[in-house]
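Participant: Build the complex: two chains, separate frames, hints provided.
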Amino acid sequence: MNSTAPIRINGEPREVPPGLTIRALLTHLGRDPDQPGVAVAVDDRVVRRALWDETAVPEGSRVEIITASQGG
Amino acid sequence: MTDDRTLTDSPRLGTEADEPGTADTWTVGDLTLRSRVLLGTSRYPSLQALLDSVDASGTELVTVGVRRVDLSETGGATLLGALRDKGVHLLPNTAGCFTAREAVLTAQLAREALETNRIKLEVIGDDETLYPDAVELVDAAGTLVADGFEVFAYCGDDPITARRLADIGCAAVMPLGAPIGSGMGLTNPYALRILREILPDVPLVVDAGIGTASDATLAMELGYDGILLNTAVAGAERPPQMAAAMRHAVEAGRLARLAGRIPRRLYAEASTPEDGRIELGP
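Line by line, the protein sequences give chains H and Y. All the letters of the first sequence, read from the start, carry residue numbers 1 to 72 under our numbering. All the letters of the second sequence, read from the start, carry residue numbers 1 to 282 under our numbering.
FYI, nobody ran anything at the bench for these hints, they're computed from the structure. Beta carbons: idealized from backbone N, C-alpha and C, even for Gly. Just so you know, nobody snuck in bad clues.
Quick partial rundown of chain H residues pointing at chain Y, CB under 10 angstroms, derived from the structure: (1) Gly11; (2) Leu29; (3) Ala39; (4) Val40; (5) Ala41; (6) Val46; (7) Val47; (8) Arg49; (9) Glu64; (10) Ile65; (11) Ile66; (12) Ala68; (13) Gln70; (14) Gly72.
Examples of chain H residues lying across from chain Y (beta carbon under 7 angstroms, computed): (15) Asn10; (16) Gly37; (17) Val38; (18) Asp44; (19) Thr67; (20) Ser69; (21) Gly71.
A short list of chain H residues far from chain Y (calculated; beta carbon distances all over 12 angstroms): (22) Ser3; (23) Thr4; (24) Ala5; (25) Pro6; (26) Glu15; (27) Pro17; (28) Leu20; (29) Thr21; (30) Arg23; (31) Asp53; (32) Glu54; (33) Ala56; (34) Pro58; (35) Glu59; (36) Gly60; (37) Ser61.
Pulled out of the complex, with its shape left as it was, chain Y reads as follows (with noise of 0.2 angstroms):
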């Protein structure tokens, strides 16, 4: 007998309206996505590491960096056809750039070399934070918009710049969990929750911070659309293994979102039921 309705059938998991066995799906830019995993493909052991983390994780959204080539080697290109033979889309980002400038010709060149208009945006402040520069974010944001880019914008978990990356139009919001690279986790449920609240209908991902599963189901948990990750897969012990816990971590989370969770309550309340009890005699 098949099971329909095991974890790995994603599809699957029905949707707070939709009648049960719809596809709960979510759209992003011009993208329409049954994972909720975005994952980046930098510092895995090996080349297979990283493919086969993609297959465990379920991803059908990657993240590459855009770099200089490499001049004294005539090859190259193997992450780029391997990942197009995985059937994944790519989101080129501008990882590294501290100005509107930087971020917006690095941007150009993906939309170039990658023939995508996505792009996650990253504009830095300092390299010990990696935090974004709220400034100089939305200033090439704006740029970005306007020249027909879909920008996934990462930001912090101030709502008020939130709500101007919205604004302009951004395809997608994506504020960080905590630093890059420091697996700490969701360090502030609270203002991404407010974050939810006041951007209902914009596309919201946590991009940063995730250290392991438990920190993505949160993520779906607070009503996030999606996750985006890289160290805490490539670094892990076990890449592939620790994808699919993100898979399944995400799809809990998200089966949690949509179940709708009780309230919290700071008394006991018996879940057996009081009628019925014995009695002693006196």
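With the rest of the complex left out, here is chain H (with noise of 0.2 angstroms):
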């Protein structure tokens, strides 16, 4: 079994170990898992906040971490 697993988050090539939940992705990239206003995306699809402890991050993926920013 390989020791990292490529996916893509945010659009960049990363290297993370395999197997990973959401949440255990979340704090791999040192972030806040329960820091409010953040959603997460993997391959097109919203990944509910409550299904983060469940749900792994497939290698090969493609996940999208989003917040509010300024906008008009």
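Facilitator: Given below as structure tokens:
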């Protein structure tokens, strides 16, 4: 088994430990998973926050992590 | 002696049907609002200038964008926290989306992140005009309304598209006055007037193009329920002062609309009565 898995996060290629859940991925990225105002999509599908503990990020997937920004 | 009819006392304007003193509110989606100013949160010289402008405008509903988290920063959420502290409602947008697919996913992410069903739906056609792509817009609006969203649809001033958006069940139809950020004002008030006439019961908001206070007044005089603006305030030399101007302009235009303006006529009509004029001798 590989020690890292390639995924794309916000458009950038990354190597992360395989089998991470979304919550674990956010922690791995140095972010607080309980911070409000953040949403995650994996391969163009939103993953509800309630499912972050049980949803693994598949190898090769595209992850988008978004928040509110200035906007008109 | 207190003056309870000052312009800053916006809820007490009265309406066409109601007795004086009844709050002049409007309802859009599940919100009932007193302010008719929707304010964007982008391009202010500072966060403080934005927050001061929110206060000065009296807005209760502000737009925010949806963008990738900057993974090089662990902080963030300053904007969101500050807006929540103000107690304003959030209207996330799909700015920058060119296709219905992008817009739908962006809206779904916004719903998850901000816990609101409201979405300002922007599906643009090109970078030069930022005009809406009517085909993709109507497609996305249908998908989002079916998915339970309250869709605030940014559109052109074409009555056919506007009616389609209303028929789909959009919470608000928001035609542009002029291209986004152009400050050109309401370039086709006649088209905007037609929209108001054919869609008397749908919340209508002039979105984009407003440059200064008189543009906001005109929108309200045309019978619009509100205005959405950003650059006119954020790009002004003194944003909070312009935000206050917009608040008063909207109130003035709304009052004028409710008061019922006189018809335009080509020739003069004397305002001083003819009777009792003096006569000179021969």
